[in-house]
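Sequence order for the protein chains is A and B. The opening position of the first sequence corresponds to residue 1 in the working numbering, with each subsequent residue numbered one higher. The opening position of the second sequence corresponds to residue 1 in the working numbering, with each subsequent residue numbered one higher.
Just so you know, the hints here were simulated from the structure itself, not pulled from any lab data. Fair warning: this is a prediction, and the values are worked out from it, not measured in the lab. Don't be surprised by glycine CBs; every beta carbon is placed ideally from N, CA and C. Possibly wrong hints are sitting among the right ones.
To be verified - A short list of chain A residues far from chain B (calculated; beta carbon distances all over 10 Å):
id	residue
1	PRO3
2	ARG6
3	VAL8
4	GLY14
5	SER17
6	VAL27
7	GLY88
8	PRO127
9	THR152
10	LEU169
Stated by the list, open to error - A partial selection of chain B residues facing chain A, derived with a Cβ cut-off under 7 Å:
id	residue
11	PRO30
12	VAL42
13	GLY134
14	ASP275
What the hints assert, rightly or not - If you anchor each label on the Cβ, the simulated ranges turn out as follows:
id	chain 1	residue 1	chain 2	residue 2	range
15	B	GLU36	A	GLU142	30 to 38 Å
16	A	ASP123	B	ARG240	47 to 55 Å
17	A	ARG182	B	ALA198	56 to 64 Å
18	B	ALA198	A	ASP95	55 to 63 Å
19	B	GLU14	A	GLU20	50 to 58 Å
20	A	ARG182	B	GLU259	51 to 59 Å
21	A	PRO93	B	ASN91	50 to 58 Å
22	A	GLU20	B	TRP217	34 to 42 Å
23	A	SER17	B	GLU157	43 to 51 Å
24	A	ASP123	B	ALA199	49 to 57 Å
25	A	ARG129	B	SER73	24 to 32 Å
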Amino acid sequence: MTPPERTVVLDSPGVQSALERMAREIVDLSGGTGGLVLVGIQRRGADLAQRLARMIAEREGAAIPLGVMDITLYRDDLQTIGPRPVVGETRLPVDLDGKWIVIIDDVLYTGRTVRAALDQLADFGRPARIGLAVLVDRGGRELPIQADIVGTAVAAGRGDRVDVCVAELDGRDAVELVQGGRP
Amino acid sequence: MTIASLGKDLLGLEHLSREQIQLILDTAEPFKEVSERPIKKVPALRGKTIVNLFFEASTRTRISFEFAEKRLSADTVNVAAQGSSVQKGENLVDTARNLEAMRIDMVVVRHPSSGAAKFLAERIRSNVINGGDGMHEHPTQALLDMLTIRDRKHHLEGVKVCICGDVAHSRVARSNIWGLTKLGAEVAVCGPQSLMPAAVEELGVTVFRRIDEAIEWADVLNILRLQLERMKAGYIPSLREYYRVFGVTLERLERAPHELLILHPGPMNRGVEIDSRVADGPHSVILDQVTNGVAVRMAVLYLLAGGRPELAEAAKGVDRGGGA
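Just chain A, same shape as in the assembly:
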């Protein structure tokens, strides 16, 4: 068996410039910062959301409300994967009604996480509009879900793995494609 091959898709400056572009596009998409709320999906999406909120706040001079969401309890595969040991925190600004929500995640793959996130948001309120921004779109969708804003796109096969590292959790920023990284 050949060992999995690791290719760097984005290095640390690459992640930084992708995020800066995403921050600009989020503001464009929302037509400004009024009513804009970023919601990061645990865990790395939460860190990315925090950085994007800071970038937008610095450039636009307006504080951006930030939420985090763990979607484990809304997954449709509890039976097959078994329960995750510890569910992360969910903390959303109290009132989502009429807001412009942008969901932030690290990788978009099957679309099932986003489906769960949409269900969960609906239980918290009725936003005016919900968008999706991801650092990496790796293809392979199993649901009719697409991102509005994409940092980078990678053609990864079913047997490949996409690793996103963020400085907050992993000590460095990177996006790497690991070919043959999945059993």
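Use these hints to put chain B onto chain A, whose structure you have.
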């Protein structure tokens, strides 16, 4: 990372590992927040059918389980011994097997006989959760007590907990002793000699004969309900006498060298084991216990419902492959 698993049933804390108990307490944390949401419900157990089979009176535990089940979107049915075919003489296993024939997934059972939950678990396929069996164990009560102590003290290691009152007849005491000692707390008991189990020291606890000594030693008092229905058998001279000698009063607490956290599993006999001014006082976390009870039971139900750790292991690769 190995995922600790609970297996099929939760029968007690005696045979759980430290890691399994820790897993339940950690899993309970995020469930606290679900009960604070505008819509207090997540779909995690959608489609599961749970029967609450109560052969003994209960308000708090049964309602707490029912809230936990409903907030996880399970379908629930309550069966009380009163008004069921149990009154016609049907035995425990026949009742459960009949319920199982209607395709249920889990049973929460409370029963006056010690060992009833285990007996049932060995005979049916559904997950069994012990909601209190005789004088044996009441695991979810001990877990919620431990979660409440951990909330305030931030850890359990080295915390001094004294369980006061009728330890002999108490399943809450046994589950607490097993759970707390596994997580590194120091545990003591205090109560009349007549209400202490034989050789209680063998459970790894200190014994105090006087409540003032216990108060001086402890960081936390878990005050048990004096089971008035049992006291006709002459364990204590009178309730007034009990209050005078063992009652946790404000005066006694004020003499303590440091502040104590006050727990009580309920229902309380005010003016017997606990002074009203203590029960309603600033150091009482009795209502926090009730709130935490729902979160702990949600955690237990959630962990048992997944129940297929081998698949969880296999799926981990998929997970790391990147979220969505």
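How the hints compare with the structure:
Non-interface call for A/PRO3 relative to chain B: holds, since the shortest CB-CB distance, roughly 15 Å, exceeds 10 Å. Every beta carbon of chain B lies more than 10 Å from that of A/ARG6, the smallest distance being close to 14 Å; the non-interface claim holds. Every C-beta of chain B lies more than 10 Å from that of A/VAL8, the closest at about 15 Å, which supports listing it as non-interface. No Cβ of chain B approaches the Cβ of A/GLY14 within 10 Å, the least distance being about 17 Å, so the stated non-interface status holds.
Listed as a non-interface residue, A/SER17 keeps its Cβ farther than 10 Å from every Cβ of chain B; the least gap is roughly 21 Å. Distance to chain B confirms A/VAL27 as a non-interface residue, since its nearest Cβ pair spans about 23 Å, more than 10 Å. Non-interface status of A/GLY88 relative to chain B is broken: a Cβ of that chain comes within 10 Å, the nearest being about 7 Å off. Interface exclusion of A/PRO127 from chain B stands, the closest Cβ pair being 14 Å apart, more than 10 Å.
Listed as outside the interface, A/THR152 is consistent with that label: its C-beta sits roughly 13 Å from the nearest C-beta of chain B, beyond the 10 Å cut-off. Against chain B, the non-interface label of A/LEU169 holds: every CB pair exceeds 10 Å, the least being about 13 Å. Given hint, B/PRO30 at the interface with chain A, holds; its Cβ is 4 Å from that chain's nearest Cβ, closer than 7 Å. Taken as an interface hint, B/VAL42 checks out: its beta carbon lies about 4 Å from the nearest beta carbon of chain A, inside 7 Å.
The interface hint given for B/GLY134 is broken, as the beta carbon of that residue sits about 30 Å from the closest beta carbon of chain A, more than 7 Å. Nearest Cβ of chain A to the Cβ of B/ASP275: about 38 Å, over the 7 Å cut. The hint is violated. Taking 30 to 38 Å as the suggested C-beta distance range, the pair B/GLU36 and A/GLU142 conforms, at roughly 33 Å. Under the hint 47 to 55 Å, the C-beta atoms of A/ASP123 and B/ARG240, about 52 Å apart, fit the expected range.
Distance hint for A/ARG182 and B/ALA198: a CB-CB separation of about 58 Å, consistent with the stated range 56 to 64 Å. A beta carbon spacing of about 59 Å between B/ALA198 and A/ASP95 agrees with the range 55 to 63 Å that was offered as a hint. The beta-carbon spacing between B/GLU14 and A/GLU20, approximately 57 Å, falls within the hinted interval of 50 to 58 Å. Evaluation of the 51 to 59 Å hint for A/ARG182 and B/GLU259 yields a pass: the beta carbon distance comes to about 54 Å.
For A/PRO93 and B/ASN91, the Cβ-Cβ distance of about 54 Å falls inside the hinted range of 50 to 58 Å, so the restraint holds. For the pair A/GLU20 and B/TRP217, the supplied restraint of 34 to 42 Å is violated, since their beta-carbon distance comes to about 60 Å. Restraint check, A/SER17 to B/GLU157: a C-beta distance of roughly 46 Å satisfies the suggested window 43 to 51 Å. Checked against the hint of 49 to 57 Å, the pair A/ASP123 and B/ALA199 passes, with Cβ atoms roughly 52 Å apart.
Against the hinted window of 24 to 32 Å, the Cβ-Cβ separation of A/ARG129 and B/SER73 comes to about 27 Å, which satisfies the hint.
Hint check: violations occur at hints 7, 13, 14 and 22; the rest are consistent with the structure.
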